[in-house]
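With the sequences and hints as input, model every part of the structure.
2 protein chains.
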Amino acid sequence: MSDINQFTITEAVKDSFKTEPGSRFETLLHGLLDHLHDYTREMQVTHEEWMGVLNFLYDCGQISTPERHEFILLSDVLGFSALVDMINTRGGATEGSNLGPFYLDNAPEKTLGADLGDGREGVTVLVYGKVTDSLHNPLPGAIVDTWQADGAGTYPIQEQEMGQDKMDLRGKFTCDESGRYYYTTVLPKPYTVPYDGPVGRLLRAGDRHAWRPAHLHYIIRHPGMAAITTEIFFENAEYVDNDAVFGVRKSLVARVKPAKNVAELGFELAKKPDAMFEYDFILAPED
Amino acid sequence: MSDINQFTITEAVKDSFKTEPGSRFETLLHGLLDHLHDYTREMQVTHEEWMGVLNFLYDCGQISTPERHEFILLSDVLGFSALVDMINTRGGATEGSNLGPFYLDNAPEKTLGADLGDGREGVTVLVYGKVTDSLHNPLPGAIVDTWQADGAGTYPIQEQEMGQDKMDLRGKFTCDESGRYYYTTVLPKPYTVPYDGPVGRLLRAGDRHAWRPAHLHYIIRHPGMAAITTEIFFENAEYVDNDAVFGVRKSLVARVKPAKNVAELGFELAKKPDAMFEYDFILAPED
Chain H
1 MSDINQFTIT EAVKDSFKTE PGSRFETLLH GLLDHLHDYT REMQVTHEEW
51 MGVLNFLYDC GQISTPERHE FILLSDVLGF SALVDMINTR GGATEGSNLG
101 PFYLDNAPEK TLGADLGDGR EGVTVLVYGK VTDSLHNPLP GAIVDTWQAD
151 GAGTYPIQEQ EMGQDKMDLR GKFTCDESGR YYYTTVLPKP YTVPYDGPVG
201 RLLRAGDRHA WRPAHLHYII RHPGMAAITT EIFFENAEYV DNDAVFGVRK
251 SLVARVKPAK NVAELGFELA KKPDAMFEYD FILAPED
Chain A
1 MSDINQFTIT EAVKDSFKTE PGSRFETLLH GLLDHLHDYT REMQVTHEEW
51 MGVLNFLYDC GQISTPERHE FILLSDVLGF SALVDMINTR GGATEGSNLG
101 PFYLDNAPEK TLGADLGDGR EGVTVLVYGK VTDSLHNPLP GAIVDTWQAD
151 GAGTYPIQEQ EMGQDKMDLR GKFTCDESGR YYYTTVLPKP YTVPYDGPVG
201 RLLRAGDRHA WRPAHLHYII RHPGMAAITT EIFFENAEYV DNDAVFGVRK
251 SLVARVKPAK NVAELGFELA KKPDAMFEYD FILAPED
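Residue numbers (full-length UniProt numbering), protein chains in the order written: chain H, 1 to 287; chain A, 1 to 287.
Be careful, since some hints might not be right.
Claimed, not checked - Each computed DSSO-like pair below joins lysine-lysine, with the alpha-carbon atoms no more than 27 Å apart:
#, chain 1, residue 1, chain 2, residue 2
1, A, K260, A, K271
2, H, K189, A, K18
3, A, K189, H, K18
4, H, K166, H, K271
5, H, K130, H, K260
6, H, K272, H, K257
7, A, K250, H, K18
8, A, K260, A, K272
9, H, K250, A, K18
10, A, K14, H, K250
11, A, K110, A, K172
12, A, K272, A, K172
13, A, K189, A, K172
14, H, K189, H, K110
15, H, K14, A, K250
If you are wondering where the hints come from, they were derived from the structure by calculation, not from laboratory data.
Below is the structure:
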């Protein structure tokens, strides 16, 4: 019989999978085995350490429910979600960022100029900009699908038991003939990711906080263009330099300014804004 | 503000953890981030692929219970458990192998020569050998803690609802003044690891079987020596060349022979064996 040792076992495990040569499954599996077996060897991992890892994953599984995916949270706080967003950003397009756990694909359609704040307390901000291609050609009819936390850092979907409507603070806008979108809403506040589970324990072990800087979520779509999922942040805002989930990129940050000369923009607004915030999205063509 | 991209994010994530420089926690964490971020970049992992990984872990969590640890099973079938066993085997000592899920630390003490078969059907085999140090000095009083499946490949602990006693087919023997252990038992049969969950899906995706070759489990202890956890296998037995969890090493395989000249061994046996199987264990000193 053939023998295996700590250096030959990696090939033995790969060989045990009868994968199609060159298939994506084979590539992903072999790469994972190479990297994680190397890690285990390089670190000379002990039984106690390895069981610590496996029991940590077990604990993540035990706290997970259809509403709470602790493995996504783990991926977020270790920068994997951000890294996958970065890898999959197309050249010339707005950078991608976290989808997060609160997206609903059936948000209500809203009219340009509507107020998305749904009566929540806080600063009313005019959010506006253009959706274009990378040559700055406007993309009329582009869909701006947005959702956000309120002025206390809470998503209505998190407080449905307290009578909040999960569809509040979210909506789909259709850009006008100049590719413009505009609406007013309440300026969101920072909030924490859940830290009462194993991922929270990990954060505490590294003396890390669980805060995300305030942000607006977006999915931007247009026929023939690759959709982008991203978040927009506010310059100099709290936690914008140390987001717990590494969602911030410089290109996704813009300044909130006092509302000034709003009439000159020519928007018909349902509510008078205190502040204004401009951000243009750029889409790249689909493959 | 500073910016991050797909090449700088790894250091940013490391820096976010305020770990003690040079601590084991830091070493393990940084190493894991280096390897798995590199993997994600090298593979240019897509969102769908990454969510596939996270949902696979979620599914492993959902099927796990205090009695079923799907993450250990995952570690087993991907060779990590075997690799950790190999890394932690001491020079000169018997090679380590899987602890498995069925160990109980309060197995009954048995007298040398007792029958461990507890009336189970199958081949009665005399199991015997010595426990020594690496210079072949016997270790009298060494404890041989053993457990095994029956002649149908089942552990009694798995069939408690069907009236089986979980303490059957397991026991602790104390080696005699020559470091010898000996007992009779039923020759175990192969069995499958659980394959009705996500790990089973992974095995099927790679056209792999879930069988383990028949084996005897052991933990061997002696004061002043490092305990070993291992398994012993039977030469030419089914699945001994393709164990689903990579537990077999050449040094852990020995031949089952017809019982012959048993009287010459000088053992007082409770039951007459059909076959005999000799294996010597070697312990290395504690640190």
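Tested hints:
1. For the hint linking A:K260 to A:K271, the alpha-carbon distance of about 15 Å falls within 27 Å, and the restraint holds.
2. For the proposed pair H:K189 and A:K18, the alpha carbon gap of about 26 Å is at most 27 Å, so the pair holds.
3. A threshold of 27 Å between alpha carbons decides the hint, and for A:K189 with H:K18 the separation of about 26 Å falls inside it, so the pair holds.
4. For the hint linking H:K166 to H:K271, the alpha-carbon distance of about 22 Å falls within 27 Å, and the restraint holds.
5. Restraint check: the Cα-Cα separation between H:K130 and H:K260 comes to about 19 Å, which is no more than 27 Å; the hinted pair holds.
6. Note on H:K272 and H:K257: the hinted pairing holds, with a Cα-Cα distance of about 14 Å set against a maximum of 27 Å.
7. Note on A:K250 and H:K18: the hinted pairing holds, with a Cα-Cα distance of about 24 Å set against a maximum of 27 Å.
8. Our distance criterion of 27 Å between C-alpha atoms is met by A:K260 and A:K272, whose separation comes to about 11 Å.
9. Restraint check for H:K250 and A:K18: the C-alpha separation of about 24 Å stays at or below 27 Å, so the hint holds.
10. At roughly 20 Å between alpha-carbon atoms, A:K14 and H:K250 fall within 27 Å of each other, so this suggested pair holds.
11. For the hint pairing A:K110 with A:K172, the CA-to-CA distance comes to about 6 Å; that is within 27 Å, so the pair holds.
12. Restraint check: the Cα-Cα separation between A:K272 and A:K172 comes to about 20 Å, which is no more than 27 Å; the hinted pair holds.
13. As the CA atoms of A:K189 and A:K172 are separated by approximately 21 Å, the hinted pair is consistent with the 27 Å bound.
14. With a C-alpha separation of about 23 Å, the suggested pair H:K189 and H:K110 falls inside the 27 Å cut-off, and the hint holds.
15. This hinted pair checks out: H:K14 and A:K250 have alpha carbons roughly 20 Å apart, not beyond 27 Å.
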